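Participant: Residue-level listing of the chains:
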Amino acid sequence: MYAAPHEIREAGVIRTDVVPGRQRLILIGVAAVITVLIAAFAVGRGVASDTGGGSSAAAGPTSSPPSGSGAAAVIQNFAFSPKSITVKVGDAVTWTNRDGTAHSVKSDDGSFVSQDLDPGQTFTATFKTPGTFAYVCGIHSSMTGTVVVQG
Amino acid sequence: MRPGFVTIGRWVAAALILGGGAIHLKLYFDSYRDFPNANLGRSFLLNAIASLVAAILLVVWRNPLSLLAGLVLVNATLLAFALSRTSNGIFDFTETGFNPSPEAVLSLVFEIGAAVVLIGLLVVEWAGARREVAPAQ
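Going line by line, the protein sequences match chains B and Y.
Counted the way the working numbering counts, the first sequence spans residues 2 to 152.
Counted the way the working numbering counts, the second sequence spans residues 6 to 142.
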């Protein structure tokens with residue numbers, strides 16, 4: 002009896018595949034390779050982008066408990082508000098995380114760096130020198146802000 | 006492989022995918038829905054819904070296509086995670102490391118675990134399966 006290319010005679014039964022078994026194995030192999038590559042990419046990016054968030058507090062001389070007057074900022078909806086804060090030398094700025102996920106405050110020049118702030122936590126930095134200090138969230142770099150310190 | 010093991014494998018894969026979807030739903034309600042680019046929040050919600058659908062398909066539709074659907078979802082989720090850790094981000098969103106913790110790590114474990122089970126099931130169910138059509142003459 003004629004057997005189609007993908008038919009297999011076995012124990013008195015003709016078995017037919019829409020896709021031959023070998024091709025299926027190749028397709029599964031391709032899917033497996035793609036999956037492994039994507040998984041490796043995901044884990045690799047997680048490791049490579051880890052900035053060591055969670056390190057403890059304040060690195061720079063301007064980070065300290067508040068002294069004198071100050072300003073308040075909130076972290077909400079993945080943004081710093083107000084985006085730009087103006088204070089005087091000696092003033093402190095306190096950030097409060099009102100989002101439902103962790104954020105941090107990290108100045109571009111490294112003069113003040115918070116630990117990861119869980120929802121409800123605060124971080125305060127006191128500014129002893131005039132200047133403009135740009136900062137970002139150490140976890141979400143699209144979140145940016147500026148502190149302007151006037152002499 | 007005995008059918009019982011295949012059934013258990015499908016339930017395990019469904020549970021892992023559902024776990025990943027649950028994490029995305031939690032993050033959506035935590036605050037990701039409030040991200041300025043609304044597409045980010047929508048993608049988290051879509052992931053949760055797609056995970057639910059994929060998990061149901063895995064359990065009720067004993068067809069290799071349901072395994073492939075789950076694998077596509079898992080790969081898309083892992084790819085989005087990776088892209089969010091690049092400088093360009095995804096939907097204007099960038100995140101570093103395995104944040105938020107522990108959700109990011111848990112999600113990776115669920116997704117990669119699901120991928121392993123799904124590929125194993127594909128080998129067992131699809132590569133090994135042949136359809137009997139007629140007795141040989």
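Just so you know, not all the hints are guaranteed correct.
[As the list claims (entries may be wrong)] Chain B side only, calculated, beta carbon under 8 Å to chain Y, not exhaustive:
{"no.": "1", "residue": "Ile29"}
{"no.": "2", "residue": "Val31"}
{"no.": "3", "residue": "Ile39"}
{"no.": "4", "residue": "Ala43"}
{"no.": "5", "residue": "Gly47"}
{"no.": "6", "residue": "Thr97"}
{"no.": "7", "residue": "Gly101"}
{"no.": "8", "residue": "Lys107"}
{"no.": "9", "residue": "Asp110"}
{"no.": "10", "residue": "Gly111"}
{"no.": "11", "residue": "Lys129"}
{"no.": "12", "residue": "Thr130"}
{"no.": "13", "residue": "Pro131"}
{"no.": "14", "residue": "Gly132"}
{"no.": "15", "residue": "Thr147"}
The set of hints was computed from the structure by calculation and includes no laboratory data.
Being a predicted model, the structure only gives us computed values, none of them experimental.
Here a beta-carbon is modelled for each residue, glycine too, at the ideal position from N, C-alpha and C.
Participant: State for each hint whether it applies.
Facilitator: Taking the hints in turn, this is what the structure says about them:
For B:Ile29, the suggested interface contact is upheld, since its CB lies about 5 Å from the closest CB of chain Y, less than 8 Å. With 8 Å as the threshold, the beta carbon of B:Val31 stays out of range of chain Y, its nearest partner Cβ sitting at about 11 Å, so the hint is violated. Among the interface hints, the one on B:Ile39 holds; its C-beta lies about 5 Å from the nearest C-beta in chain Y, closer than the 8 Å criterion. With a cut of 8 Å, the hint placing B:Ala43 at the interface with chain Y holds, because the nearest CB-to-CB distance is about 4 Å.
The beta carbon of B:Gly47 is positioned within 8 Å of a beta carbon in chain Y (closest approach about 5 Å), and the interface hint is therefore held. Taking 8 Å as the C-beta cut-off, the interface hint given for B:Thr97 is violated, the closest approach to chain Y being about 14 Å. Interface hint at B:Gly101: satisfied, since its Cβ lies 3 Å from the closest Cβ of chain Y, which is below the 8 Å cut-off. With a cut of 8 Å, the hint placing B:Lys107 at the interface with chain Y is violated, because the nearest CB-to-CB distance is about 10 Å.
Residue-level restraint check for B:Asp110 is violated (minimum Cβ-Cβ distance to chain Y is 19 Å; threshold 8 Å). At a threshold of 8 Å, the smallest CB-CB gap from B:Gly111 to chain Y is about 16 Å, leaving the interface hint violated. Restraint check, B:Lys129 versus chain Y: the minimum CB separation of about 29 Å is more than 8 Å; hint violated. Because the closest C-beta pair between B:Thr130 and chain Y is about 28 Å apart, greater than 8 Å, the hint is violated.
At its closest, the beta carbon of B:Pro131 sits 31 Å from a beta carbon of chain Y; the interface hint therefore is violated under the 8 Å criterion. A distance limit of 8 Å between C-beta atoms decides the matter here; for B:Gly132 the minimum to chain Y is near 26 Å, and the interface restraint is violated. Violation of the interface hint for B:Thr147 is found here, the shortest Cβ-Cβ separation to chain Y being roughly 18 Å, above the 8 Å cut-off.
Against the hints set out earlier in the document, violations occur for numbers 2, 6, 8, 9, 10, 11, 12, 13, 14, 15.
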